[in-house]
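Keeping the supplied structure of chain A fixed, place chain B upon it in accordance with the hints.
Listed here are the chains, written in short residue letters.
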Amino acid sequence: MAEPRIDVRVETNDAPPADAKKHPNTCPKCQSHYRDDELEESLWVCSHCGHHFPMRARARIVSVADEGSFTEEAADLRSDDPLDFFDLRPYGERLAEAELGTGLGEAIVIGRATVEGNPCELAVMDFAFMGGSMGSAVGEKFARACDSAVEQGVPLVSVSASGGARMQEGILALMQLPKTIVAVADLHDAGCAYVSVLAHPTTGGVLASFASLGDVLLAEPGALMSFAGPRVVQQTTREKLPDDFGLSEANLRYGHVDAIVPRPELKSQLARLLRLFANGK
Amino acid sequence: MASEAELRLRDRLSKLKSIGLLGGTKVSGELERLQKQLDRITAEPSEDEIWRSVELARHQDRPYTLDYVERLFDDWVELHGDRGRADDAAIVAGLGKLDDRTVVLVGHQKGRDVKERTKRNFGMAYPEGYRKAMRVMKLADRFDFPVITLVDTPGAYPGVAAEQHGQGGAIAASQATMLRLGVPIVSVVIGEGGSGGAIAIAVGDRVLMQENAIYSVISPEGCAAILWRDASEAKKAAAAFKPDAAHCLELGVIDGIVPEPSGGAHTDPDEAARLLGIAVREALEDLDGLPVDELSRRRRARFRSIGVFA
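Residue numbers (this note's numbering), protein chains in the order written: chain A, 1 to 281; chain B, 282 to 591.
Keep in mind that the hints were calculated from the coordinates and are not lab data. Just to be clear, a hint being listed does not mean it is correct.
Stated by the list, open to error - List of simulated lysine to aspartate or glutamate pairs, EDC-like, C-alpha gap at most 16 Å:
id, chain 1, residue 1, chain 2, residue 2
1, B, Lys517, A, Asp84
2, B, Lys378, B, Asp355
3, B, Lys517, B, Asp329
4, B, Lys516, A, Asp87
5, A, Lys267, A, Glu116
6, B, Lys517, A, Asp87
7, A, Lys29, A, Asp244
8, B, Lys516, B, Glu336
9, A, Lys267, A, Glu67
Stated by the list, open to error - So, partial list: chain A residues that the calculated Cβ filter (under 7 Å) puts toward chain B:
id, residue
10, Ser136
11, Ala137
12, Leu172
13, Ser209
14, Ala228
Because the structure is a prediction, the values reported are computed rather than measured. Even for Gly, the Cβ is constructed at its ideal location relative to N, Cα and C.
One chain only, chain A, in its complex shape (with noise of 0.2 Å):
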């Protein structure tokens, strides 16, 4: 059936090695390495090369909003278990392990804050937090960002950093695509705007739902955005991944985002379109 419209299949030698575990502050792309206090300056972005480290939810926060501004809402929000989840782990360990390990209630810290005096909510998820993965609180948390951006009659601003819907959680994570969408649909019908910014990475089913919603869809470099990983494509279809398969420049390429912004220019960008919406109706 439909034949890809550019098919960019670029033979490479350079493929990664299958290598040991690196250093988490060591850059995968050029191999320079720094101090945490380094990274933490640059937006956790190689000065380097420009590789996008992973940014967690309270550092994305306080890199965006004015100094002092950020609100938490539904902080006290926690999963539940109610399908009595057991893998090779029961859900509710790894659930309390999540928490100790990231200072986080789940994978996602909403609130609301200003953006160089520009009011908005925020919504920004964590994918140290078991992958990012959406279950019913994450649905719930991002619904309830969106009340509040109607109750205040603000923009909503998402940054998005999952895996996808939460397995542990079966069919009830799979409704948290039409739960998300739902409140979406609410905050259009107020007037509110709605900016989507993608971080690395945004799969499955937070891209299949409210993630690829936003009036303006704003991606970080690198990122990978596709609703099925590399490795799924690839061993279903023995196909031949392009080198960028999935990630934010293709995206770009093929029309599915508006714009690639590094993490350095992410408050102004968004700042700038806060204030383009705010004459809205």
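Chain B alone, transformed into the frame defined by chain A:
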């Protein structure tokens, strides 16, 4: 989960009775069947029983969308293409008469033999399929035709071209489109309700499942490969995430279970179609006469409220 689950299902059953979804004279046997489902749940279905649903849902002789179309609709006219790029044969869409009423049908379609399976891409749609679905559902909206969707897919197609054409965005947009339709929507999972590829056309006012259908966030094999690091643990994975109709009803994800002939829909497609027709007609009757804004409000409230958290 024994007693709590039982209470929840009883509660659910009583609600179903009160909305009359399955309460019509023609389906008085249906509650009896639900009662059987209830009994099965309170007995906590075994790994084997859940796996049997998985096998029946994927049975090679199971009736597919067009098998039901030919048995339920008169004057069927299939509509092709997304008006942009292609006609995706993994999703069929068209107009037909259900009794004397024009309805729009959208459904996944699998193939019966090797050639047709390839043509239908095993029921795994490209973004073009979801764009065709959206186009035809908007047509329904313009002419006030109710929409019936039949869900039967292992999932949206995971391929390079599918990603280049915007698979994630198309699935999101299709759900958003369904939420905004001003006509009644009845969705029925008739086989595999595989993840995003399924929910893309399952945002209905009434969502039903056939008795032996499954509805899940990931395939049992996929879940096993990730969480057990071994795809052959699929049976264990299915038992853990509970994709069967009884559990989906209990979790409030679906509104009712459509009975199948004993032994599964493939043993008697005519009877399976008759039972499906009864359930769809009842659901449509139930939604008739609701003002558009009330329909929309209830549809949004239905999906906004799904989830369990602390």
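- prompt: Tell me, which hint numbers fail for this structure?
  reply: Hint check: nothing fails, all pass.
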